[in-house]
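K.L.:
So you can see what is in the structure, the chains are spelled out below.
Protein chains: 2
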Amino acid sequence: MSKVFLQRGSKEEIEDGSGFMPKFDQNGLIPCIATSAKTGDVLMFAFMNEEALQKTIETGEAHYWSRSRGELWHKGASSGFVQKVTDMRVDCDQDCLWISVEVTGDEAACHKGYQSCFYRSVPVGQKPDKALNLNMNKTEKVFDPKDIYKD
Amino acid sequence: MSKVFLQRGSKEEIEDGSGFMPKFDQNGLIPCIATSAKTGDVLMFAFMNEEALQKTIETGEAHYWSRSRGELWHKGASSGFVQKVTDMRVDCDQDCLWISVEVTGDEAACHKGYQSCFYRSVPVGQKPDKALNLNMNKTEKVFDPKDIYKD
Numbered sequence: 001m002s003k004v005f006l007q008r009g010s011k012e013e014i015e016d017g018s019g020f021m022p023k024f025d026q027n028g029l030i031p032c033i034a035t036s037a038k039t040g041d042v043l044m045f046a047f048m049n050e051e052a053l054q055k056t057i058e059t060g061e062a063h064y065w066s067r068s069r070g071e072l073w074h075k076g077a078s079s080g081f082v083q084k085v086t087d088m089r090v091d092c093d094q095d096c097l098w099i100s101v102e103v104t105g106d107e108a109a110c111h112k113g114y115q116s117c118f119y120r121s122v123p124v125g126q127k128p129d130k131a132l133n134l135n136m137n138k139t140e141k142v143f144d145p146k147d148i149y150k151d
Numbered sequence: 001m002s003k004v005f006l007q008r009g010s011k012e013e014i015e016d017g018s019g020f021m022p023k024f025d026q027n028g029l030i031p032c033i034a035t036s037a038k039t040g041d042v043l044m045f046a047f048m049n050e051e052a053l054q055k056t057i058e059t060g061e062a063h064y065w066s067r068s069r070g071e072l073w074h075k076g077a078s079s080g081f082v083q084k085v086t087d088m089r090v091d092c093d094q095d096c097l098w099i100s101v102e103v104t105g106d107e108a109a110c111h112k113g114y115q116s117c118f119y120r121s122v123p124v125g126q127k128p129d130k131a132l133n134l135n136m137n138k139t140e141k142v143f144d145p146k147d148i149y150k151d
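Residue numbers (this note's numbering), protein chains in the order written: chain A, 1 to 151; chain B, 1 to 151.
Calculated from the structure, these hints are not laboratory results. Treat the hints with caution; some may be incorrect.
Since the list can't tell identical chains apart, any single copy or any two copies may satisfy a pair.
[Said to hold, decoys possible] As a list, the in silico DSS-like pairs of lysine-lysine whose alpha-carbon atoms are at most 25 Å apart:
#: 1; residue 1: 130; residue 2: 55
#: 2; residue 1: 55; residue 2: 127
#: 3; residue 1: 127; residue 2: 84
#: 4; residue 1: 11; residue 2: 112
#: 5; residue 1: 11; residue 2: 130
#: 6; residue 1: 138; residue 2: 38
#: 7; residue 1: 138; residue 2: 11
#: 8; residue 1: 11; residue 2: 38
#: 9; residue 1: 146; residue 2: 11
#: 10; residue 1: 11; residue 2: 127
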């Protein structure tokens, strides 16, 4: 364990203390919520491993662990949509991170071309008797994935 | 699988379609981010299983799966801080949910008495040479946990 992170302590130390004791799960990952510093919207949800978290802290740019590619993922390295971290928070039991980010350019965070990965709504508040239909939010793509991801 | 949720389809169906195909992980859980409909702040991060998600959709009140207690968790049932869901969204690959909630009373979501579980900041943007110190955000407890959780 890096000396930047402390080993997990007592429940009191974890919840009330000022020591940073992030909990990495059995796969060595901690979930991270990224919201837009500009709009407050949730842009994306991803995971960091210890290296990604350390690089994020050191550089101020969001790094994740890509579970699909199995590699460190400097967000924006291929798309150009780098995420500058303006605030990082940890939750009460220190097993989840929340970062506020400023995104280079058009604020896009989703590989589908939208600003946010959460571009569809689920209808709530009724007892559904059949499969639910998602609703597209009133949002336009800010880029065409074909133009950005060449391979 | 409930008929409310569809079985996972092709990548195109999952990312571009209007069918709701939530991905539950190997433990039968899907992560859920809850933000305040009033302030936009991330209040908490938790998991839903199929039953919790279905109850949330049917009742419009957030239900989670408590991993520590191993039971369905109607948020606010003991504390009174019920979360009324004003919007639910699903992300591009349908393996994460984001709900906006209105909280009964003092907006508290955290068992520690704070409005948000994310009451501490992690310093970012410097190369740390020693263990990081978390900073308390400028936030007051809105209740004393001892007054709410009697046992």
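K.L.:
Taking the hints in turn, state whether each one holds.
P.N.:
Verification of the supplied hints:
For the homomeric pair residue 130 and residue 55, the shortest alpha-carbon distance between copies (15 Å) is at most 25 Å, but the shortest distance inside one copy (46 Å) is not. Taking CA atoms no more than 25 Å apart as the test, residue 55 paired with residue 127 passes between copies only; the shortest distance there is 9 Å, against 45 Å inside one copy. Taking the shortest Cα distances, residue 127 and residue 84 sit within 25 Å of each other only across copies (16 Å), while inside one copy they are farther apart (42 Å). Within a single copy, residue 11 and residue 112 get their C-alpha atoms only as close as 40 Å, which misses the 25 Å cut-off; across copies the closest is 12 Å, which meets it.
In this assembly of identical chains, residue 11 and residue 130 lie within 25 Å of each other by CA distance solely across copies; the values are 22 Å between and 44 Å within a copy. Taking identical chains as interchangeable, the C-alpha atoms of residue 138 and residue 38 lie at most 25 Å apart whether they share a chain (18 Å) or sit on different chains (20 Å). With identical chains, the CA atoms of residue 138 and residue 11 are at most 25 Å apart between copies only, with a shortest distance of 22 Å across copies and 43 Å within one. With identical chains, the CA atoms of residue 11 and residue 38 are never at most 25 Å apart, being 34 Å at best within one copy and 30 Å at best between copies.
Proximity of residue 146 and residue 11 under a CA criterion of 25 Å is satisfied inter-copy only: 16 Å between copies versus 48 Å inside one chain copy. Neither within a single protomer nor between protomers do residue 11 and residue 127 lie at most 25 Å apart by alpha-carbon distance, with minima of 39 Å and 28 Å respectively.
Hints 8 and 10 from the list above are not met by this structure, while the remaining hints are.
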